[in-house]
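**Student:** Chains A and B are the protein sequences, given in the same order. The opening residue of the first sequence carries number 1 in UniProt numbering; numbering runs sequentially from there. The opening residue of the second sequence carries number 1 in UniProt numbering; numbering runs sequentially from there.
Worth flagging that the hints you see were computed from the coordinates, not collected in a lab. Hints may be right or wrong, so weigh each one.
Copies of the same chain look alike in the list, so a pair counts if it fits in one copy or across any two.
Straight-line distance between alpha carbons at most 27 Å, and here's what the computed DSS-like set of lysine-lysine pairs gives [said to hold, decoys possible]:
| no. | residue 1 | residue 2 |
| --- | --- | --- |
| 1 | Lys-62 | Lys-238 |
| 2 | Lys-236 | Lys-601 |
| 3 | Lys-98 | Lys-271 |
| 4 | Lys-356 | Lys-52 |
| 5 | Lys-15 | Lys-602 |
| 6 | Lys-199 | Lys-404 |
Protein chains: 2
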Amino acid sequence: MDIASLRAQHPDHWKKACAIRVLTLDAVAAANSGHSGMPMGMADVATVLFEKHLNFDPTDPKWPNRDRFILSAGHGSMLIYSLLHLTGYKQASLEELKNFRQWGARTAGHPEFGHMEGVETTTGPLGQGISNAVGFAMAEESLRARWGAKVMDHYTYVIAGDGCLMEGVSQEAIGIAGKHQLSRLIVLWDDNGITIDGKVELSDVTDQKARFAASGWDVFECDGHDPVEIDAALDKAKRSPRPAMIACKTHIALGSSAQDTSKGHGALTDKQLIADTRAAYGWEHGPFEIPADVKSAWEAIGARGAATRAAWAERLAALPQGKQAEFARIFAGDPAPKLVSAIRGVKKAAVETPKKMATRSASEVVLAAVNPIAQETIGGSADLTGSNNTKTADLGVFDPTNRKGRYVYWGIREHGMAAAMNGMALHGGVRPYSGTFMAFTDYARPSMRLSALMGIPVVYVMTHDSIGLGEDGPTHQPVEHLAISRATPNTWVFRPADLVEVAEAWELALSSKTTPSVMALSRQGLAPVRTTHTNQNLSARGAYVLAEATGKRQVILIATGSEVEIALQARAALEAEGIGTRVVSMPCMELFAAQDEAYRKKVLPAGPVRVAVEAGVRQGWDRWLLGERGKEAKAAFVGMSSFGASAPAERLYQEFGITADNAVAQAKALL
Amino acid sequence: MDIASLRAQHPDHWKKACAIRVLTLDAVAAANSGHSGMPMGMADVATVLFEKHLNFDPTDPKWPNRDRFILSAGHGSMLIYSLLHLTGYKQASLEELKNFRQWGARTAGHPEFGHMEGVETTTGPLGQGISNAVGFAMAEESLRARWGAKVMDHYTYVIAGDGCLMEGVSQEAIGIAGKHQLSRLIVLWDDNGITIDGKVELSDVTDQKARFAASGWDVFECDGHDPVEIDAALDKAKRSPRPAMIACKTHIALGSSAQDTSKGHGALTDKQLIADTRAAYGWEHGPFEIPADVKSAWEAIGARGAATRAAWAERLAALPQGKQAEFARIFAGDPAPKLVSAIRGVKKAAVETPKKMATRSASEVVLAAVNPIAQETIGGSADLTGSNNTKTADLGVFDPTNRKGRYVYWGIREHGMAAAMNGMALHGGVRPYSGTFMAFTDYARPSMRLSALMGIPVVYVMTHDSIGLGEDGPTHQPVEHLAISRATPNTWVFRPADLVEVAEAWELALSSKTTPSVMALSRQGLAPVRTTHTNQNLSARGAYVLAEATGKRQVILIATGSEVEIALQARAALEAEGIGTRVVSMPCMELFAAQDEAYRKKVLPAGPVRVAVEAGVRQGWDRWLLGERGKEAKAAFVGMSSFGASAPAERLYQEFGITADNAVAQAKALL
């Protein structure tokens, strides 16, 4: 449908959609950067969605049963900022729109979760939003099954572009959604045929409708500028028993001289172009000026959801007090009340009946204690359930026939799994954890980074965390992956040494509200290193003195995870030679870094030589070995400086010199 | 087709395929680990492929025009080891098979490139092999177009499992192959319906045939145990004008009690199970024992290609001497003879007419000089051509209508791009480089790691390498990505400061035979820092003294890329206060680490305080700041400790304190 027909046949719609388009042009012009074309192309679709379908209430942006709207094509951020402004979200003031992409503004270049209410997830890295959306829809299904449709009963809508659909993660997401028949998930594909480099056909000939259908989706189409067609397609999609994709045929940068070109994708800042486009729109108002009738029409749309929300609140209030409190707790992300005692129970039992055990098995022991008393957990694995030890007996399997199940067989889809976990955590009411081999951190990286950037407490259960996995060889042996996760801001990397530390790590991870956790867990069995019980969570300070030197302290050995027992063996040997040696267990560098200087100095006093033992690369260790400002200690590192190899684990530790003997030799060489 | 029918109808085929199956059982039993089921399931397909279709010659495993066979489902490594052994590859001796998965053996747990001839690529991380294969097929198309079918004219065959097809990267690969109509690419899908967690349907309902067809592939089917059907499907696939996928219906762990179960995926080591399976096969020979008739039948298959190879060698020898030498050079991976002079020319011109310039633009200047004289380069971008500056005028666009084109529009597929580049580099005859934003290193990580592990000189052009990209915000701003690539063994991370250093970095990257390179390049314009010409490649030593202290050396400022000019400003301020200050430019930490200690000490002598300036996280810097053994220097770091933000670049540098003023303050605080 062209502009003339739109204006003639749907004048009210046209004006509302036009408000989005001109706000976009104005904000991009003010910032002198941004992406104009996508909001201009998808304004009609978004207008119909917000006017006729989306359940939302700007006065209560976090209402748990709201529909979720996810702008997967995050570069078109002015689309969502305009919508939030026009419908009356307080944080989306005109002032914010005028400060688009400026320091301190809520209107970041790409939509950032936590910057502005109404932005459900951070998007921009393509493919993430659509994959988050799968997690949102799974969380909704899970909560609806367990709490009833009176309390949880909403849709998840996504706007995705060709970029999202070309990213491989979208295939993983499509596969998960199709398998789970996520009928409340509706993807609006901005089918404009243009990418940054030119026409889509330069790089892709995929029939997207056939592709979605192949994975169990229902597929619909519409002219993405015709409000009647858009509305009808949305109606059909909502009634579909499967996830639905609507191919919305649109013109990028509609009405401008850059329409249908890759130029239109970017920042349209040319004054004449903007003036001509406004003229083509018949829009006679100044920059950032929305006439009263259009503004009030949009405000009416914004007011549409209040009654629905109020009715929902009444239904929630009708629940027994205990249930209401539980609902509030899980949406607040507070830990289960019994978590602390469950963890203490595991720790106590571990010390009372010590067993050699892989930390991945220890993790299963902890989860078996925690999952029954923390009903918000949802576990899973990327097709390594038996290896990641993530499935406990009580969970049941999440499935179209059992929405109450709390375990997800993600398939061989680490990236889609991570992105969906982000969506679950963002949705609220559930706390996701899932596993893969630690080396495959690589596959999940883009979403793991976003967990950290958004500040959401997803837990990544990364087993087989070193060459200790043995025969599978270097492709499966992480050596740089501890460093990679530690390099990422706002990420807790736990590498616990035994069942006690594993329990402490899980307590911290499950109590976090703003930081994701990586659990680095061994494949191989480890001797217990914590032999006396304390209720205190020693891992909470990141590092602590596990064994003190006898007599004069000459050496400090620092180790994590599977290498702590090697450090203890080295200490025994050094002490036998009269060399006083302290062993520091450092299950979480980030938490140690967050301690005050006094504590850090107490654990790592200047003077004694330091040797760190970790079956990974040295990068990240020097801070603790050498002291932050330097000149604190002489130091050495016992670990990896190359990729691993395929052989039994014991042989690999010998060959790569990660042994007590070597730690002893390194320490003595420095004395 | 069941075993009884197979034995009755195709007794010779059966015995050959059976040899693969029992060698697998024997090797897995000897190692007490591994994956039995896949080789047992795909033995018939592989036997027909090697017997009737694959062009190969065990006496010359690197013959450039051989067909390529890629085991994307790398866990089934005993399939390829058995095939290579049976057909007579010297490195695949029986001794090696007996040492499966042991230290020093060529028979690593997963097939490792460089360990055994005949293994074309390292597989194991799922989805990689099929995506590498796309690059193999593109390299073949490119070379065939440019050298003629007499010299280059082969197929690329892939065996892929459900794991490969569930990984998102496979969708990217499928999309690329479909777009480019790679008719010599044939994927044999091991359609056994089983993953580690159980049946495929636990996690996926995708109609794979429809999915491939949706991206422009031809799709065929066969009973994966019926040699006649397999042969017919391969015939059809070879004639297809599009890439072809053959769905091979198979039984995992055929003939064992674990057939068609997830147990069958893993290591079948139970003695009774193995004995029963041998009985079911009618195989009456001992472990690792292949009867003479079967061995000679396989050796005949191995001998099949010698004549074809000899005929090819004759055709090659008929080329003019110069062409032959060029062909040998590009397959040896030697740099173009004129590379050194081209680089010197760029360096000289840069110094003669200094210009403020983004290093991504500088990279384009270098490529414009290099691409015409190094015809083996193939460039590209993941839909950021104009931003990555990877396309030079002479390249032409690789496309079904122009196979001679040397520029690839990869689409929004960083991971598929990286995997395909690996395939191109492994194929030989071409040298791939391609770009994306540096933050999207995350998307390409699994393949970037494999470039390093395999030791292949792929070049990753990673522009927009810091908060200096400005308004696009934290999703697009790398802060941990320099650390991530530096943490990875065998990776050169170049962060050049100006056109001269960019030219030097490209010279090194394009001369490498065994190490991939990451070019971290700025979006923003940078002042030149190298002001006098030298033919010497100063970046080759990783770090060098860019500006010496006047008088007593009290401070050493170390910086990379866009921060080198900040360090120079800080030096000027310090020197103005009488504080002698050296500036070290460190474009490549890895190359600096590879220098002898004398050089490292010359550049970074103990004593003066050290301040590093880099717009990324500190991790990785302490080695140079504090000294490897500690107690060398007091030090500070000026960089990032959090994610970035959305605002103009200058503002971000101010707000995050990456300024000359701050570097000066940090240095003075330590004096």
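**Student:** With reference to the structure, classify each hint as holding or not holding.
**Tutor:** Each hint, compared with the structure:
1. Within a single copy, Lys-62 and Lys-238 get their C-alpha atoms as close as 22 Å, which meets the 27 Å cut-off; across copies the closest is 57 Å, which misses it.
2. Proximity of Lys-236 and Lys-601 under a CA criterion of 27 Å is satisfied in neither setting, with 64 Å inside one chain copy and 71 Å between copies.
3. For the identical chains of this complex, Lys-98 and Lys-271 are intra-copy neighbours only, at 17 Å inside a copy versus 74 Å across copies, given an alpha-carbon limit of 27 Å.
4. Proximity of Lys-356 and Lys-52 under a CA criterion of 27 Å is satisfied in neither setting, with 60 Å inside one chain copy and 53 Å between copies.
5. Taking the closest pair of Cα atoms, Lys-15 and Lys-602 never come within 27 Å of each other, the shortest separation being 67 Å inside a single copy and 70 Å across copies.
6. Proximity of Lys-199 to Lys-404 under the C-alpha cut-off of 27 Å is restricted to the inter-copy arrangement: shortest distance 21 Å between copies versus 44 Å within a copy.
Of the hints listed earlier, those the structure fails to meet are numbers 2, 4 and 5, in rising order.
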